[in-house]
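From first to last, the protein sequence lines stand for chains L and G. End of the first sequence sits at 489 in UniProt numbering; the numbers just go up one at a time, nothing left out. End of the second sequence sits at 514 in UniProt numbering; the numbers just go up one at a time, nothing left out.
FYI, nobody ran anything at the bench for these hints, they're computed from the structure. For every residue, glycine included, the Cβ atom is placed at its ideal position computed from N, Cα and C. One thing to keep in mind: the hints can contain errors.
Unchecked claim - Selected chain L positions facing chain G (in silico; Cβ < 7 Å):
(1) GLU167
(2) PHE228
(3) GLY229
(4) ALA262
(5) TYR266
(6) HIS287
(7) PRO288
(8) ALA319
Below are the chains, spelled out letter by letter.
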Amino acid sequence: MPHSENSQDEDLVLPDAPSLQNEPSQSQTISQSTIVEDNKENVKLEDMFDDDNEDEYSSSAPPAQIKGEDSSQPMPQSLGRFSDSDVMRAFYQRLFPFRYLFQWLNHSPNPEDTNDFRHREFAFTLQNDVYLRYQSFKTADTLRKQCMDMIPTRFEIGPVYSTNPRERKSLPKSAAFRPLTKELVFDIDMTDYDEIRTCCTGASICHRCWTFITMAIKVVDAALKDDFGFKHIMWVYSGRRGAHAWVCDKRARELDDQKRRAIAGYLELVKGGDKSSKKVNIRRPLHPHLDRSLRILKEFFPTSILADQDPWENPKKAAHLLTLLPDAQLNSALQKKWDSAPSRSSTSKWNDIDTLAESGINPNLDTKKLMQAKQDVILEYTYPRLDAEVSKKLNHLLKSPFCVHPGTGRICVPIDVRRVEEFDPLDVPTVTELLADINSWKKDDSEKKVQDWEKTRLKPYVDFFKGFVSSLLKGEKTSIKRERDGMEY
Amino acid sequence: MATARIDPKRRADLISHKKKQFAEAPAKWKQQEYKWRLSFYDLPPTEEVSLEEFELWALGRLKVLAELESCTFRNRTPEETASYMAPIMEKHLPLHSNSSRSSELDEERKRDHYSHFILRLAFAGTKDLRQRFSRLETMLFKLRWKDDDAVERKEFLDSLDMQLEKAGESELNECGVSLEQAKAATGWRKGDAEAWFTLDWERVPDLVESRRCLLRRGKAYVLLKEQMSFVVAEFTKRLDAALEITSRALPRLDEDDRLSPILSHLSKSFTAPDASFDAEAGINGLQAPTAGTVDALSSHFPLCMQNMHRTLRQDAKLKHQGRLEYTLFLKGIGLDLSNAVEFWRRSFRTITDEKFTKEYLYNVKHAYGEVGGDANRRGRGYTPFSCQKLLTEPLPGPGQTHGCPYRTHTDVENLVALLGATGMRDPETIKSVREDVGKQRYHIACNRVFEFAHKSELERVKRKGGWGPAELDTILHPNSYFKRSFLLKHLGEGNAGFVEPRGEDVKMEGSLDE
Ligand SMILES: [Zn+2]
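Next up, chain L with everything else stripped away, as it sits in the complex (with noise of 0.2 Å):
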């Protein structure tokens, strides 16, 4: 065949991942087309038009970090400092908690009692991009091993395979080898918000936006918790302007795509892209899932919303409300107003909609509607706003905890959801910190070994995924124990 040369060659470089063209804007496209170019070899009939490739390479975080990305942006430092070789083999070596990410994928201390951490999938992205997939390894040594060897700017994990990813192709048949389960994911990312936030544009945040993200966490982690019972939910800083979420329930980890899809589906709510002038479109009355989504949201409003963003300060926005709201004669009474007065705050714009109907303007004005029309608007500008993808894939791979975010540096840190509103991601440390702080840490008159992750502002961090991993692997082992008991009978 004629394109197998290609991939022959290819093969003899890198057995699984055929190096990439460095052209960070194509990322997502090139390591797409560098997998299909893997499984060319053998494609079949059958294949050619099946939507559940299992090899579908598809992953959140490297299109997170790329688009959308503007040179103008502010960066705290430059570029390259952050994939340095050394200080990212430092970090390895020195602060990355290898020990606790093993536990908390194997789900027991003990490497010999599940197959979760041996046959789960990692993807390594190197420095020079290069995407490596089916990395495994045996325990948390080996990875760290590889870690210090290759130096990758981060890592992605993927599911658990029914065998180990990197014996996949001596498999006798393909069949052999297929996802069976991982935690599911979301992925809430700035860009997604970038239509209704003011204050910044592109890869930057401040305060004030990260709060759509602080309300996207409460809203999201209420309904996986209440509506669907799932107790053990990690929260992690995706290193820039986002957030993962990783549901690690032996219930979640088990669902299969359609189910996943089920909760996606559930979850979401804005839909429409720019074009859509509408974009919540909900029966009434609410479902109880909304109902409490409305009922946290709304305390964040005024304040995150009408004072920090002024979404419709300038007479264009403000046209934009008032396609959303249901009656004509007081919205051209609204329009009146605002044309006298264009730069009247997003506040006052938003109390003249009830000041206004008040003053009986249309007597035959159908009150409930427009409640009705303003709690659309509160969902439109604040309900979390999920790339949904993320969480319809069982093999869907996300960047790890802990790693190092290769355009701020800073590290991908879980946040405590008990304290969400206290989370400043401008104040997590980066990796050139946090080396920083190992050198200047003085060591005290006890005996006590002191790791050096414990050294730095990383320990806070450390010890809360220290907890999380500790309750869950309490979980499991009661979940197991139940297990056996059930088989008994």
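With chain L held as given, fit chain G with the ligand onto it using these hints.
This is chain G with the ligand only, laid out in the frame that chain L set:
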């Protein structure tokens, strides 16, 4: 012929295979009674069936499933899907309820039953096919459930032993849910029964997805009227389990030399149902094309043929496989041999007459059946390639242009550039094409482009009627693409408003002797 034809008079002894495969239910061997229209297909067929029926029934079902799949790819709403599918199902896989009092009931149900099991065999082989089959069968079941007679549906439901836990107001309250909330969450309307069931939410994923049930700590509270959801989920669950069992039994079936070619052809056809194109039928309003009019007509060509045409115009050459594909396509639109020879001679403008005669003329003539063995002459040469054929050719090497560009342009940016060069720049369409191509739904990408390029015309014919479902269903052949494009762009000119329906029926034989 490419596919071994089996003597249709020979009988396939389905029983012996079934006994091997479904031996777990020996006690239930008896003549099937088809009490209801709907079925969970729990019991395999027991009667003998001729190979001809075997093949024919399976193809009918395959056609229905393939069209259902294209509906999902094109994001049709459930309502659009139902109305699009109704005539297709009526034609290829009719299935009526008892109240219709049709005399065909038993025959229809038998056909439905057998074709389901035949396709189970054909698609049990790989995990991907199993998943796809299960998804499409579930869709089909759902469509039928929705338009089933309410009384019969209830009887059918009662016949299934679904273990459901009832939840009353007190249970709802206990877990912190008011009746009002429960009603809101489940879309309760006046007149609906106020009965709720509770079950693990995983059993009703589609109700969860559309927030039509209430969730509380992992339990779903579902209104009685939403039974379709859990019946469908149960259908899928049982089918998936059965497919697993079938897949393990498959190797034994390979021993049968009569069934396996049919089964393997069926599973291949599932990727893009094969289509043939009847060039003889001609196209109303189209003057016989000549060497000189191909350029003008090329605006109606699908991307594959435009791609080859552009390459030919640009480089004054086209390598062998592309030449073959393009020649046959042109033959299909009605270019006769002498015009074809003239067209190719003029296109290869940089070579001598001698070289042309020596190296290229024979191929063109061969494709038209002018030369070659008896079989080739009798068959009047090759027939134009279908999408399936183009999609399964080896990818072009350096300097070659052929095949389906949605597949061969492995760098999607090049594909987008090519589309742009042909005038397709609509961002929404391009975005969807990217997705389609990423998911290897090449023929869907092509149909999407067609639909956008002919949007207003398609709306017009749909509004005015005249084009039946056969004229509007998924394009699976480059020549159908041309024909439809041409007719749509010449609506109202003479009698160009109607396409003969017979061109695109799923056909079994391989269309090309190679
Ligand atoms: Zn900001």
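* **Non-conforming hints, listed in increasing numerical order** => Hint check: 1 and 8 fail, others pass.
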